[in-house]
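J.: Sequence:
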Amino acid sequence: MIIRFFGDSAARFVASRTVTVVAAAGVLSTLLSIPTPGFAAATACGARAKALEQLSRKFQEALVAVGLSSGGRLIEVLTSDSGSTWTIIVSQPNGTSCLVADGESWQQLKTPARGEAGA
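Residues in the sequence shown are numbered from 30 upward in steps of one, following the numbering used here.
Since the hints were derived computationally from the structure, they do not count as laboratory data. Hints may be right or wrong, so weigh each one.
[What the hints assert, rightly or not] Here are the simulated distance ranges between beta carbons:
no., residue 1, residue 2, range
1, Val119, Lys87, 32 to 42 Å
2, Gln137, Ser98, 17 to 27 Å
3, Gly144, Gln83, 36 to 46 Å
4, Glu82, Val129, 17 to 27 Å
5, Ser98, Ala78, 30 to 40 Å
Backbone N, C-alpha and C define an ideal beta-carbon position, used for all residues, glycine too.
Based on the provided sequences and hints, a complete structural model is requested.
T.: Right, dumping it as C-alpha cells:
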C-alpha cells in the first residue's frame, strides 16, 4: 500500500526505519542487562540476609518500604538515614534477593492524608 501511494523509495524508507527500531531495541535490552555498580557488581542475586547485612554495613542502608508483588515477591526499598544512597531489591519466597536498582539522593515524599489530592 505504501508503494502504491508513495513509490518504492517510501517502502525502503519504512523498511530502514523498522531495522533501526529493532536494532535500538536490541541495544536497550543489552544495556538493561548490565549490572549496576555496588552490590550487583559482585553478584546480582544472593541470600537476602547477606544482602541486607552488606547494604547496612557498606552504605548504612535500612528498610524504609516494602510491598508484595502480584507474583508473590517482596519488593524492598532501603535508604541511608541521610538519603545519600538507596537500593531496591526483590526477594523471592525462597530467601534469594536480587538487586533491581541503586542510586543516590533519595527524596522521601510526604504521604498525603486521605482526602488530599493524590491520596
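J.: Please name the hints from earlier in the document that this structure breaks, with their numbers sorted from lowest to highest.
T.: 1, 5
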